[in-house]
Amino acid sequence: MDPRLAVIDRRLEDIARIIAVSGGKGGVGKSVTASVMALLLSKLGYRTGLLDLDFCGPSVHTILGAKPTLPEEDRGVVPPEVHGIRFMSIVHYAGENPSPIRGVDISNATIELLAITRWGSLDFLVVDMPPGIGDATLDAVRLMKKAEFLLVTTGSKVSLAVVRRLLSMLVELKVRIIGTLENMRMKDLPSAREEMEALGVPFLGEIEFDRGLEGSIGDVEKLLRTRFAEGLEKVLGKVLSSA
Amino acid sequence: MHELALAEGIVATALKEAERAGLKVTEICVRMGELQQIDEELFKSVLRDIIKVEDERVREAEVVFLKEEAVLRCRVCGHEWTFGESMGNLSEEDVELIHFVPEMAHIYIGCPECGSPDFEITKGRGIWIEYIKGERWTPGSP
Chain R
155 MDPRLAVIDR RLEDIARIIA VSGGKGGVGK SVTASVMALL LSKLGYRTGL LDLDFCGPSV
215 HTILGAKPTL PEEDRGVVPP EVHGIRFMSI VHYAGENPSP IRGVDISNAT IELLAITRWG
275 SLDFLVVDMP PGIGDATLDA VRLMKKAEFL LVTTGSKVSL AVVRRLLSML VELKVRIIGT
335 LENMRMKDLP SAREEMEALG VPFLGEIEFD RGLEGSIGDV EKLLRTRFAE GLEKVLGKVL
395 SSA
Chain V
1233 MHELALAEGI VATALKEAER AGLKVTEICV RMGELQQIDE ELFKSVLRDI IKVEDERVRE
1293 AEVVFLKEEA VLRCRVCGHE WTFGESMGNL SEEDVELIHF VPEMAHIYIG CPECGSPDFE
1353 ITKGRGIWIE YIKGERWTPG SP
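Here the protein sequences come in this chain order: R and V.
In short: position in the first sequence from 1, add 154, done, that's the numbering used here.
In short: position in the second sequence from 1, add 1232, done, that's the numbering used here.
Keep in mind that a hint or two might mislead.
Stated by the list, open to error - Lysine-lysine pairs mimicking BS3-like chemistry, simulated, CA-CA at most 27 Å apart:
1) Lys311(R) x Lys376(R)
2) Lys1299(V) x Lys1355(V)
3) Lys328(R) x Lys392(R)
4) Lys299(R) x Lys1248(V)
5) Lys1248(V) x Lys328(R)
6) Lys376(R) x Lys388(R)
7) Lys1299(V) x Lys300(R)
8) Lys1299(V) x Lys1256(V)
9) Lys1276(V) x Lys1365(V)
Said to hold, decoys possible - Some residues of chain R that are not near chain V, with every Cβ distance over 10 Å (derived):
10) Gly181
11) Glu349
12) Gly369
Calculated from the structure, these hints are not laboratory results.
Where is the CB? At the ideal position from N, CA and C, for every residue including glycine.
Okay, chain R solo, but in the shape it has when bound (with noise of 0.2 Å):
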């Protein structure tokens, strides 16, 4: 029997709500999304986490400009905080070096980060989720309970393919959705409004393409002040009135 399952449930007690930023692809701005909206509550006076849970391709710490640092032991380990977030991510052990790990691997590294991490009390754990709707999907399901999901996709045939599919296996597995957002909006292009508004869930909004995000990266200030930021508060506002 593996003990650590039976702690999670524990660990993750005093938390309101845990926000999965997820979309199945990569490269729709998940972790930039999952940055700016814990930032975002942060500010507004929420207690906060994120977690990275991209464990091949953490950049969470890079958009937060935030420097890896080992947690403190204390009864477990406590996430560092950062900008006010409470933040953990394999970063904080691996480095910056890369991390080949697969399947089993990556489950009992999710297993163990859930186990030992003592977040406190939150209002809110936002969730980075890796690319992909396999192994690191099952496992938020599986081990975060009360996990709602958020969905990221840009106006893209193949995002909103992806998309749909990562949906459709939620809804089985009975999982709590927020909604989708549409980022990366190109005025000249359709909106994914309608698509997505025909799956059955709530359409956030969307979020247009801001040429001056890449040059705020790891700027905390910088990045609250773009466009994105502007446009994420608007869709953070419908988050909020959905508990």
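Once you've looked at the hints, dock chain V against the given chain R.
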């Protein structure tokens, strides 16, 4: 102390099993895999301490400890070796990082034959409950 978090998992699992099966736990057998480099004495002492103050269905349980050597098998060339053979190449810091998340071994260890970090941890990853023994229990019974 990270060991406490793992010890809590053992007690929580034992209690869950006791509740599920209507038992009072008499013995818990814990296997300690070498890769996680648990501080054995500290872990044993912490586990025994928290058991004493747990629910009455668990608090009198004896704990039996087993140690398991960590064995790794390369997925590329099939070579099998022990973690002990790789220990000499690791710094104290590497070992500490593996202690927290044993899968970090893939970063700091390569196959001694072909150098690949793509290997399986076939035995001895970390803490595991081998078995839980109990006797029938009704609330209020000694």
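Right, here's what the structure says about each hint:
1. Lys311(R) x Lys376(R): 31 Å, violated
2. Lys1299(V) x Lys1355(V): Given pair Lys1299(V), Lys1355(V) holds - Cα atoms ~11 Å apart, limit 27 Å.
3. Lys328(R) x Lys392(R): 21 Å, holds
4. Lys299(R) x Lys1248(V): 17 Å, holds
5. Lys1248(V) x Lys328(R): Holds, because 25 Å separates the two Cα atoms, which is no more than 27 Å.
6. Lys376(R) x Lys388(R): 18 Å, holds
7. Lys1299(V) x Lys300(R): 36 Å, violated
8. Lys1299(V) x Lys1256(V): 25 Å, holds
9. Lys1276(V) x Lys1365(V): 18 Å, holds
10. Gly181: The assertion about Gly181(R) holds, with a minimum of 25 Å to chain V.
11. Glu349: For Glu349(R), whose nearest Cβ neighbour in chain V is about 38 Å away, the distance exceeds 10 Å, so it holds.
12. Gly369: 31 Å, holds
Of the numbered hints stated above, those contradicted by the structure are hints 1 and 7, listed in ascending order.
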